[in-house]
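Q: These protein sequence lines are chains A and B, in that order.
Per the numbering used here: the first sequence = residues 2 to 102.
Per the numbering used here: the second sequence = residues 83 to 333.
It should be emphasised that the hints constitute simulated quantities derived from the structure, not laboratory data.
Note that CB positions come from ideal geometry on N, CA and C, so glycine has one too.
Treat the hints with care, as some may be off.
[As the list claims (entries may be wrong)] Residues from chain B that keep clear of chain A, each with C-beta distances beyond 10 Å, as calculated:
| no. | residue |
| --- | --- |
| 1 | A177 |
| 2 | R187 |
| 3 | N246 |
| 4 | P305 |
[To be verified] Computed footprint of chain B on chain A; a stretch qualifies when at least three of its residues, placed anywhere within it, have a C-beta under 8 Å from a C-beta of chain B:
| no. | segment |
| --- | --- |
| 5 | 24-36 |
| 6 | 40-48 |
| 7 | 51-59 |
| 8 | 62-74 |
| 9 | 83-94 |
[Claimed, not checked] Computed far set for chain B versus chain A, every beta-carbon distance over 12 Å:
| no. | residue |
| --- | --- |
| 10 | E112 |
| 11 | R113 |
| 12 | S115 |
| 13 | L121 |
| 14 | M195 |
| 15 | A209 |
| 16 | T226 |
| 17 | A254 |
| 18 | N257 |
| 19 | P262 |
| 20 | D268 |
| 21 | A273 |
| 22 | G286 |
| 23 | R290 |
| 24 | A293 |
| 25 | A297 |
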Amino acid sequence: MNLWLLVGLTCLGCYLLKLAGYLLPERLLEHGPIRRFVELVPVALLAALVVVEAVANGRHWDFDGPRLAGFAVGAVAVWRRAPFLVVVLAAALTAALLRLA
Amino acid sequence: MVRRPGLATIHTHGRGDSPNTTSVTDAPAERASTIRNSLGVGLAVGVYGFAFGAASVASGLSVLQTSLLSLLAFTGGTQFAVVAVVAGGGTMAAALGSGLLLGSRNTLYAMRMAPLLQVRGVRRLGAALGTIDESTAMAVSQPTDDLGRTAFWWTFASVWVFWNAATLLGAAGANALGDPARYGLDAAVPAAFLALLAPRLRSGMVERRVAIAGAVIAFLLIPVTPPGVPVLAASAALVLATRVPPPRRAS
Numbered sequence: 002m003n004l005w006l007l008v009g010l011t012c013l014g015c016y017l018l019k020l021a022g023y024l025l026p027e028r029l030l031e032h033g034p035i036r037r038f039v040e041l042v043p044v045a046l047l048a049a050l051v052v053v054e055a056v057a058n059g060r061h062w063d064f065d066g067p068r069l070a071g072f073a074v075g076a077v078a079v080w081r082r083a084p085f086l087v088v089v090l091a092a093a094l095t096a097a098l099l100r101l102a
Numbered sequence: 083m084v085r086r087p088g089l090a091t092i093h094t095h096g097r098g099d100s101p102n103t104t105s106v107t108d109a110p111a112e113r114a115s116t117i118r119n120s121l122g123v124g125l126a127v128g129v130y131g132f133a134f135g136a137a138s139v140a141s142g143l144s145v146l147q148t149s150l151l152s153l154l155a156f157t158g159g160t161q162f163a164v165v166a167v168v169a170g171g172g173t174m175a176a177a178l179g180s181g182l183l184l185g186s187r188n189t190l191y192a193m194r195m196a197p198l199l200q201v202r203g204v205r206r207l208g209a210a211l212g213t214i215d216e217s218t219a220m221a222v223s224q225p226t227d228d229l230g231r232t233a234f235w236w237t238f239a240s241v242w243v244f245w246n247a248a249t250l251l252g253a254a255g256a257n258a259l260g261d262p263a264r265y266g267l268d269a270a271v272p273a274a275f276l277a278l279l280a281p282r283l284r285s286g287m288v289e290r291r292v293a294i295a296g297a298v299i300a301f302l303l304i305p306v307t308p309p310g311v312p313v314l315a316a317s318a319a320l321v322l323a324t325r326v327p328p329p330r331r332a333s
């Protein structure tokens, strides 16, 4: 994969998506299906990313102990409404310490 | 103290039912408090850029490529998604597809911000770059339009500065530190995605159904499809989970 092309297209695409909102007529926002789609797409994608990042290794399932334990601790932190940084650090520390052991 | 506002905040303060009104009597104290809160959000979110910088370099992007994503794409979920696909060895189409789909919510935010900000020309180009979860959520949760505009610009500026500084440090640090799994980054990334997802899960039943369907689709496709495709295909969860009309009103 050409990483430069990917970076360029991602930057351009993300910016144009934002700009489009300032150029589109406001009434599109009242169109139910478009609105629901844009609201719900991140939910589906983020949930998928959680799963893939937790249990995938390339094209395989990989149930790695320290990774899953770290993720579980992070998930508890999310559930307890801990700040972002605490979630990330708790997950990373748990996995790192288990690998040291 | 400000709790990091999630999408739920945006949903409940639509233009129609928003308490935003144009006021000429904004006390300086209120403005200062809004600015302080905006800076707090910027700092809290920005620090998370460390994790992005490290993950991006670990996936194979250079420090410069990593920084360009934070400077110009400037939307965390998309940036993480793109480098996750690269790390997994996925295709360009899968990386771009999931990244841009995730970024499409910013279009909705921009449509929400346009009537509030009333920007033209260069200022509109600047406002577009800064239209993200945090700036939109902070703007719509202010009691007046004036404070909303203050919150938007200050949140944008502080997130941008902190996010980019942290990205650079994380990227440069990852190069120096070596294998990110030693530091548990592989566990931190799914936890971070879960943290991004959580406010949406709390906002409704349809959201939870879509999330579960998306997670199941991705899980089942992992051994079957090339990397990146499970995430992209999870958007089919919308079709599966929204066949029943949503119980909430659409506005």
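Q: If a hint holds in the structure, say so; if it does not, say that too.
A: Cross-check of the supplied hints:
1. Listed as outside the interface, A177(B) is inconsistent with that label: its C-beta sits roughly 6 Å from the nearest C-beta of chain A, within the 10 Å cut-off.
2. For R187(B), the non-interface assignment is contradicted: its Cβ lies about 5 Å from the closest Cβ of chain A, within the 10 Å cut-off.
3. No beta-carbon of chain A comes within 10 Å of the beta-carbon of N246(B); the shortest separation is about 13 Å.
4. For P305(B), the requirement that its beta carbon stay farther than 10 Å from each beta carbon of chain A is not met, with the minimum near 6 Å.
5. Here's how the segment 24-36 of chain A fares: 7 of its residues keep a CB closer than 8 Å to some CB of chain B, so the rule of at least three is met and the hint holds.
6. For the segment 40-48 of chain A, the stated coverage by chain B is satisfied: 9 residues place a CB nearer than 8 Å to a CB of that chain, which reaches the threshold of 3.
7. With a cut-off of 8 Å between beta carbons, the segment 51-59 of chain A has 8 residues touching chain B; three or more are needed, and the interface restraint holds.
8. Here the segment 62-74 of chain A counts 9 residues with a CB under 8 Å from a CB of chain B, which clears the bar of 3, and the coverage holds.
9. Given as covered by chain B, the segment 83-94 of chain A passes the check, having 10 residues with a CB less than 8 Å from a CB of that chain where 3 are the minimum.
10. Distance check for E112(B) against chain A: the nearest CB is about 25 Å away, which clears 12 Å, and the non-interface claim stands.
11. No Cβ of chain A approaches the Cβ of R113(B) within 12 Å, the least distance being about 25 Å, so the stated non-interface status holds.
12. Once the 12 Å rule is applied to beta carbons, S115(B) is consistent with being away from chain A; the minimum gap is 20 Å.
13. Every C-beta of chain A lies more than 12 Å from that of L121(B), the closest at about 15 Å, which supports listing it as non-interface.
14. Some Cβ of chain A comes within 12 Å of the Cβ of M195(B); the nearest lies about 7 Å off, and the non-interface call is violated.
15. With a least beta-carbon separation of about 7 Å from chain A, A209(B) fails to lie farther than 12 Å from that chain, contradicting its non-interface assignment.
16. Chain A leaves T226(B) outside its interface by the beta-carbon criterion, the shortest separation being 20 Å against a cut-off of 12 Å.
17. Distance to chain A confirms A254(B) as a non-interface residue, since its nearest Cβ pair spans about 17 Å, more than 12 Å.
18. No beta-carbon of chain A is positioned within 12 Å of the beta-carbon of N257(B); the least distance is around 16 Å.
19. A cut-off of 12 Å between C-beta atoms contradicts the statement that P262(B) is not in contact with chain A; the least separation is 9 Å.
20. Listed as a non-interface residue, D268(B) fails to keep its Cβ farther than 12 Å from every Cβ of chain A; the least gap is roughly 5 Å.
21. Listed as outside the interface, A273(B) is inconsistent with that label: its C-beta sits roughly 3 Å from the nearest C-beta of chain A, within the 12 Å cut-off.
22. With a least beta-carbon separation of about 10 Å from chain A, G286(B) fails to lie farther than 12 Å from that chain, contradicting its non-interface assignment.
23. Annotated as non-interface, R290(B) brings its C-beta within 12 Å of a C-beta of chain A; the closest such distance is 9 Å.
24. Once the 12 Å rule is applied to beta carbons, A293(B) is inconsistent with being away from chain A; the minimum gap is 4 Å.
25. With 12 Å as the threshold on Cβ separation, the claim that A297(B) sits away from chain A is violated: the shortest Cβ distance comes to roughly 4 Å.
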